[in-house]
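**Student:** So the chains spell out like this:
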Amino acid sequence: MAVKKIKTIYDVLCPFCGTLCDDLEVDIADNKVVEVRNACQIGTKKFYSSNPNEHRYETPMIKKNGKLERASWEEAIDKAADILANAKRPLLYGFSSTECEAQSKGVELAEILGGVLDNTASVCHGPSLLAKQDVGQPGATLGEFKNRADLVIFWGSNPVHAHPRHLSRYSEFVRGYFRKDGRNDRYIVVVDPRNTHTAQIADLYIQVNPSEDYELLNAIRAVLRGVELDEKEVSGVSMEKIKELVNTMKTCSYGVIFFGMGLTQSLSHHRNIDAAICLTRELNDHTKFSIIPMRGHYNVAGANQVFTWNTGYAYSIDFSRGYARYNPGEFSSVEVLLKDQVDASLIVASDPASNFPAASVKNLFKHPLIVIDPHESPTTVYADIVLPAAIAGIEAEGTAYRMDNVPLRLRKVKDAPGECLTDKIILEKLIEKVKEKRGE
Amino acid sequence: MSEIKLKLKKETEIPLEAESITPDNFAGKSINEIKKLVVYYGREELTIGDFFNVTGKSEEKDDLIISINGNLSNVKRIGENMSGGEIIINGDVGMHVGNQMSGGKIQVNGNADDWAGAMLKGGELEITGDAGNYVGSAYRGFWKGMTNGVIKVKGKIGVEAMLWASGSVPAKRLPTLICGSAGSFLGIHNHGGTIIVEGDVDRCAGADQIKGIIVIKGKAPKILPSFKKIGEVKEIELFNGEKITGKFIEYAGDHSVKKNHSTVSKKTGELNKSVNGRLYIAA
Amino acid sequence: MSLDNLILLTGRTIDQGVALEGGKTTKENVRAAAICMFDTDDFKKLDTLVGTPVKIITDHGEVIVYSILSEEGPHPGIIFIPMGPWANQLVNPDSQSCGTPTYKGMKAKVEVVKSGKVLDALDLIKTLKEA
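Residue numbers (this note's numbering), protein chains in the order written: chain A, 1 to 440; chain B, 1001 to 1283; chain C, 2001 to 2131.
Rather than coming from a laboratory, the hints here were simulated on the basis of the structure.
No false leads were mixed into what you were given.
Derived pair list, reagent style BS3-like, types lysine-lysine, alpha-carbon separation capped at 25 Å:
#, chain 1, residue 1, chain 2, residue 2
1, B, K1061, B, K1007
2, C, K2126, A, K362
3, A, K241, B, K1229
4, C, K2055, C, K2126
5, A, K232, B, K1222
6, B, K1273, A, K243
7, B, K1258, A, K241
8, A, K339, B, K1007
9, A, K362, C, K2027
10, C, K2129, A, K79
11, C, K2129, A, K63
12, A, K250, B, K1258
13, C, K2126, A, K339
14, A, K241, B, K1228
15, C, K2126, A, K63
16, A, K339, C, K2107
17, A, K232, B, K1219
18, B, K1010, A, K366
19, A, K45, C, K2027
20, A, K362, C, K2107
21, B, K1258, A, K132
22, C, K2129, A, K366
23, A, K67, C, K2027
24, A, K243, B, K1228
25, B, K1007, A, K88
26, A, K362, C, K2109
27, C, K2129, A, K67
28, C, K2107, B, K1222
29, A, K232, B, K1273
30, A, K88, B, K1009
31, C, K2126, A, K366
32, A, K64, C, K2129
33, C, K2107, B, K1156
34, A, K132, B, K1144
35, B, K1273, B, K1234
36, B, K1266, A, K243
37, B, K1035, A, K88
38, B, K1222, A, K243
39, A, K88, A, K366
Put together the whole structure using the sequences plus the hints.
**Tutor:** Below you can see the structure in the form of structure tokens.
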């Protein structure tokens, strides 16, 4: 058997979670991923699943007689542009699992169409952005935390599962400039209703009642200001424990709160973050403290950046007047679908059928649905048109923003199979065709 | 006194944005001119005449009454920025009704959707049914919400009503909200607003309140831990000098806010309860 | 048997992350995401075997998933379903006008089912498409 020539590519970015690990090594032979080193379980799987498999789309697909059938790019783009150009109020959603250059094209298309533009922050850290707009955010980059933080608080986030290498790269086990002994130089606190795997390796675990984080944050803030509270227990946490936590916070030399979906997706949403940010701000009277959201998708932070520099707003944007307007709850995708206020959808690198509440998903399928995605998903299977994409960060280059808003360059390690094109090129083709149909 | 009557021809599928419906825009215009005023439907720019039957006569703004009939629950922004006159809406109305209005009156004989009376600067908004979330609130990112005027809602209102309300007694700006019952985070970041709830409220009323008065005549499930009980009162004096009598428990707060004046004295170690916001709950 | 007054939380698990990257329409994804994790003591009250399909009911919908014991307990009164189409049949779509639905903290009820089976992702979404 002939030995295949293996090419190793170093310093590859992992296009899965917001940690955006940049130290992967990928072995490629015959345009296939044969080995991935340094990545977590999920990242490794993502690289392997770029190899040819039955879940990958390699040509454009158009629904004919209730079934997706192969079509030419020309036909698919023409049909997709037709749907979009004729829609009164199309929804453009997704964008968080692709590169910034494609996101920028998405903004351009939405503006031309006069549609609703949204990214996945809408269902994850949108509340964090809302809170940030209300009360600001004392933040820093991950390197600061790695080198300085001696108190690390994970609030409503479970990085062992959701950001598997975060702990070893930035927050828990890693050795830093001032934290030479790694884990032993840090005090780890986890606040969560469940004794998560992250909590199980923490120094202090605070079990808070579900959906009562706001009250706990409120009590912590009051105690920090020296107010003696009347309660013996807040949100299932004893006053002694609250005082212990406040004392730990005040006496650390650099603290950081990493917060996750536990705060943004439970009742009170952005108000939880509002209170957590105010707490962080007030802690800076005593010591140095920062707060940062644990972003999910590898480039959702980038989507917020790109949307903001193009339109002024990070997500939930309406272009129906020709200029950008912003109001989550009015223009956010889950809401416009729930109220059935759109008449066509273009989904880019996302799977709302799996990730939106059932009531919104029902209305998604009522109107024409176009999906740009490399893989089969419940959204693509029931779509009207599927445009096959190269996987950004594996089969296409581009820029992505880490959870701390540091831009990094995604690398291309292999070619896309079949007729797949990059998200950017597909969107450019759509823009061109829509303009043509509108007679511009 | 003159009156313009609008009647919705047919319910729309996607929201219609009709901020042109105000006495300011209608004043002194003929029926045909009013019919030509712009409304937005998706990405299309259409006119009032495309969606409404228009009858009546229009003269001076302040003497003008606009009455609108039909199910307007998908019509947004009626009465935006209005400064005088009156709008009477018979039926449910969509988002942003009367937002940023500075004078005049809007009467909704039905329910209103979110952002009713958002960032109100003056005038009166009365809703006989229920209202959605963010009644009289600040829009996203604004640190000054409702600065003056009165909102009355007979039924229940949603969450985060009167967000970032900003009142001032010396400047005679007294933003006031009166409602039947309220959802969570009523009067959050309150900075001088007056809120009177005839019935019950949900959790976290008065969160981050720096100054202001919240009176709850019904029940509150659990008040925030950072509120300190002061005692029982029989009479509450509001910012406008009016008095409410009845048995109430008085709380001071929110003591978790740094900007608050409720500091702990370095000399005595005691908490200054006297100068910040008040929450009264029926005893 | 059934259990009342539980609180449902949803979220990422590493198995679910791996499975969805491997293919959203695969059996692996069903095994990783069509599951409900119980507190050990709560599960005893159900009086059934681990792995038995259970029906989870909230005010917003219902779905049948496999039962397993939680490794991240004890969390009495709380059940956990990994994020995905199964969990999303149950979550509260109301965002209180902030745009983000309430994916965590719904009141839930659990029943051991006598009939009915765990649907795969495509069949589950099909029921929504046809509704």
